[in-house]
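Asks: From first to last, the protein sequence lines are chains A and B.
UniProt numbering applies: residue 1 is where the first sequence begins, and numbers increase by one.
UniProt numbering applies: residue 1 is where the second sequence begins, and numbers increase by one.
Heads up, the list lumps identical chains together, so a pair's fine if it works in one copy or across two of them.
Keeping only pairs whose Cα atoms sit at most 25 Å apart, straight-line, the calculated SDA-like set for lysine to any residue is: (1) K11 x D308; (2) K83 x R104; (3) K62 x E125; (4) K11 x A311; (5) K11 x S339; (6) K11 x R216; (7) K208 x G194; (8) K11 x Q215.
Calculated directly from the structure, the hints in this document are not laboratory data.
There are 2 protein chains.
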Amino acid sequence: MEAVTPQSDFKALTGPARAAARILAIAPESQRNEALRAAAESLRRHSADILVANARDVATSKASAAFIDRLTLTPARIEAMAKGLDAIALLPDPVGRVLSEWTRPNGLMIRRVATPLGVLGMIYESRPNVGADAAGLSIKSGNAVILRGGSESLNSARCIQSCIQQGLEQAGLPRECVQIVPDADRAHVASMLGAAGEIDMIIPRGGKSLVERVQREARVPVLAHADGLCHTYIHEDADFAMAREILANAKMRRTGVCGATETLLIDREIAASLLPLLVQDLHALGCAILGDETARSIVHDLEPASSDDFATEWLDARLSVAVVDGVDSALAHIARYGSGHTEAIITANAEVAEQFLNGTDSAVVMWNASTQFCDGGEFGFGAEIGIATGKIHARGPVGLEQLTTFRYEVRGTGQTRP
Amino acid sequence: MEAVTPQSDFKALTGPARAAARILAIAPESQRNEALRAAAESLRRHSADILVANARDVATSKASAAFIDRLTLTPARIEAMAKGLDAIALLPDPVGRVLSEWTRPNGLMIRRVATPLGVLGMIYESRPNVGADAAGLSIKSGNAVILRGGSESLNSARCIQSCIQQGLEQAGLPRECVQIVPDADRAHVASMLGAAGEIDMIIPRGGKSLVERVQREARVPVLAHADGLCHTYIHEDADFAMAREILANAKMRRTGVCGATETLLIDREIAASLLPLLVQDLHALGCAILGDETARSIVHDLEPASSDDFATEWLDARLSVAVVDGVDSALAHIARYGSGHTEAIITANAEVAEQFLNGTDSAVVMWNASTQFCDGGEFGFGAEIGIATGKIHARGPVGLEQLTTFRYEVRGTGQTRP
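Please construct the entire structure, taking both the sequences and the accompanying hints into account.
Replies: As structure tokens, this is what we get:
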């Protein structure tokens with residue numbers, strides 16, 4: 001099997017991408033699904049070739065052991081990639097959804113219909129399977145995509161995309177629905193970020209510095225998520241057992257995800273009785289805890305928490321604690337330190353809960369649930385491209401629907417405007 | 001009545017704007033509507049002061065007669081401003097709409113709810129009433145706004161905004177929900193465009209060079225519309241009488257609006273019989289017509305239409321004509337020359353109509369209706385902020401709903417994530 005022959009020039013990708021997008025935009029759902037299943041089969045069929053290409057990448061990589069682990073493909077990881085494409089094929093079609101329709105007094109029938117965005121640009125780091133996932137989600141949502149993965153995984157990426165392109169061809173769709181940048185030249189990233197009008201949206205998937213660079217330099221709209229400085233607020237009317245279970249899950253289920261709780265806010269009324277139990281629970285799970293002055297007066301051996309600490313997303317087994325005086329002061333703390341991601345309140349008081357739900361400017365607000373539920377799969381979206389903390393176009397867990405836009409279809413019978 | 005005291009520094013506006021936005025975001029609909037009605041009354045009550053301020057602006061303006069006409073306020077224009085605010089108060093509340101809701105297998109109830117964007121920035125030219133309109137739409141949609149009007153209308157703007165701030169105060173809302181930039185310093189525009197995180201969306205309303213500058217320089221998301229190079233395609237199965245009526249309206253109802261048809265595409269099959277009649281209709285209305293070679297072979301005295309002409313938005317009584325061979329060639333012409341705004345097909349053939357509706361990448365596509373219907377009022381939106389030709393967040397006629405974003409509210413009973 002041939003690997004993808006790289007184009008010599010990035011600009012040579014955008015024209016074919018737009019042309020491919022036009023064809024893909026009107027391709028029936030069945031054809032897009034056929035391409036995905038054929039791509040999955042191609043990945044399975046060429047598993048050996050993919051492993052060879054990947055071994056080349058690994059051999060030339062000078063990175064850390066953890067990085068090489070993310071870079072390395074195995075038969076199991078290739079099968080997971082293929083299964084991922086099969087799963088995407090089974091998702092509901094986001095294209096063509098009728099978002100609203102109405103008839104005007106003059107008889108014009110207006111309908112708002114979901115349509116593909118057009119050409120996506122995905123910039124990602126390290127794990128080669130992200131490229132397969134990105135291609136699959138793009139095809140499913142009727143978008144062409146230009147991919148730029150980490151330079152360390154270029155051989156793997158070319159091989160994977162070649163399989164996906166075979167799947168497209170088998171379904172009668174243009175290979176250029178999915179393209180990768182010609183080579184590891186970092187200038188291609190800048191080209192992508194500047195391709196306003198040629199690329200409709202850029203999705204960075206990687207660490208904070210990648211996301212920030214993209215947001216800073218892009219002239220193309222960016223769908224990105226940044227910090228997840230999430231709060232769990234235990235209100236005085238909380239059920240203690242529920243609060244303990246939820247907090248342990250919200251902090252420690254997985255500490256490296258953006259939905260992990262980083263700061264606990266707890267009402268003064270219950271802090272003396274509940275905080276020691278929470279600390280005990282978390283220490284048993286291996287979590288270090290920092291507390292403000294009041295928290296430390298209740299549990300003496302906490303590390304001190306400063307203002308900088310409350311502004312820090314730990315992404316680790318560390319939790320900051322602030323004792324507050326009711327829901328307004330909890331909301332004030334969140335307004336000051338939050339990143340607009342996910343906040344939760346634990347309480348049996350419905351009125352206070354609604355006040356909290358209405359009172360933040362975050363993408364996701366929860367009542368009596370763990371912040372770790374902020375996830376596309378948990379929301380029922382079937383796929384997750386990321387979690388958007390901006391306010392424009394997409395917000396919170398981003399699923400296939402956010403890879404679409406819409407158009408208005410107006411059906412008349414000869415109406416003219418007075 | 002005091003005029004607004006300008007702040008000495010732009011940066012001094014954004015903090016208060018954000019604080020005001022937080023209060024406005026949870027203000028009930030009745031309070032926002034009360035502010036709008038009180039603002040309208042304040043405009044009426046201070047009509048004389050507004051006219052004095054406006055006279056100062058007009059006296060110092062060195063602009064053209066047409067510009068001064070747009071700048072000048074009269075008692076009638078002030079009443080129209082006030083009526084505009086009253087009308088906005090009557091619109092349905094865009095905040096708090098439940099966009100979707102569902103329950104997960106684990107019992108979590110998830111709801112997507114419309115929320116204000118936060119802080120808007122509006123940059124507009126010449127007509128002072130645009131500032132009142134902008135303030136009204138912002139307040140209605142729960143957003144704080146920072147306004148930057150043309151420097152020639154600064155006195156008028158300050159006076160108008162003072163009235164609106166009185167309305168806000170009367171309703172118990174912060175004056176800083178609506179602020180104007182301190183002075184005519186052009187650096188304030190650059191400050192607004194760079195205020196990422198402090199301003200959530202910028203809306204430019206004005207000529208092409210303003211919009212393009214904003215789109216080029218803004219680090220803040222921009223809601224803008226640019227070119228309206230709209231097409232009307234008369235397919236061979238069109239009803240001739242309908243086609244003649246629609247084309248005349250689409251071109252000549254108002255030639256300066258972005259929804260005016262700029263290019264006629266007509267099927268070769270019917271060109272010989274229909275084109276002379278269309279030309280006759282349009283010449284009688286004072287429209288000049290340019291045609292491609294085939295069009296000129298049918299109607300000899302047309303001006304020649306070049307490729308550049310097909311790429312020109314006339315905004316005038318001028319129409320380009322291309323003879324095409326069926327819907328695919330019409331779509332190809334639109335793909336090449338269109339600006340993604342509005343396209344229409346005239347035909348009795350439903351199958352071809354659907355192919356056309358699906359086959360462009362434009363914000364609005366019409367069947368048997370005039371492109372001049374591309375307008376927020378005609379769509380039933382009640383207000384129009386502009387027509388967006390981008391694909392992100394808003395597209396087509398932009399109403400109040402596009403001044404909102406959403407959040408997810410998750411209501412649980414203690415669920416933790418496995």
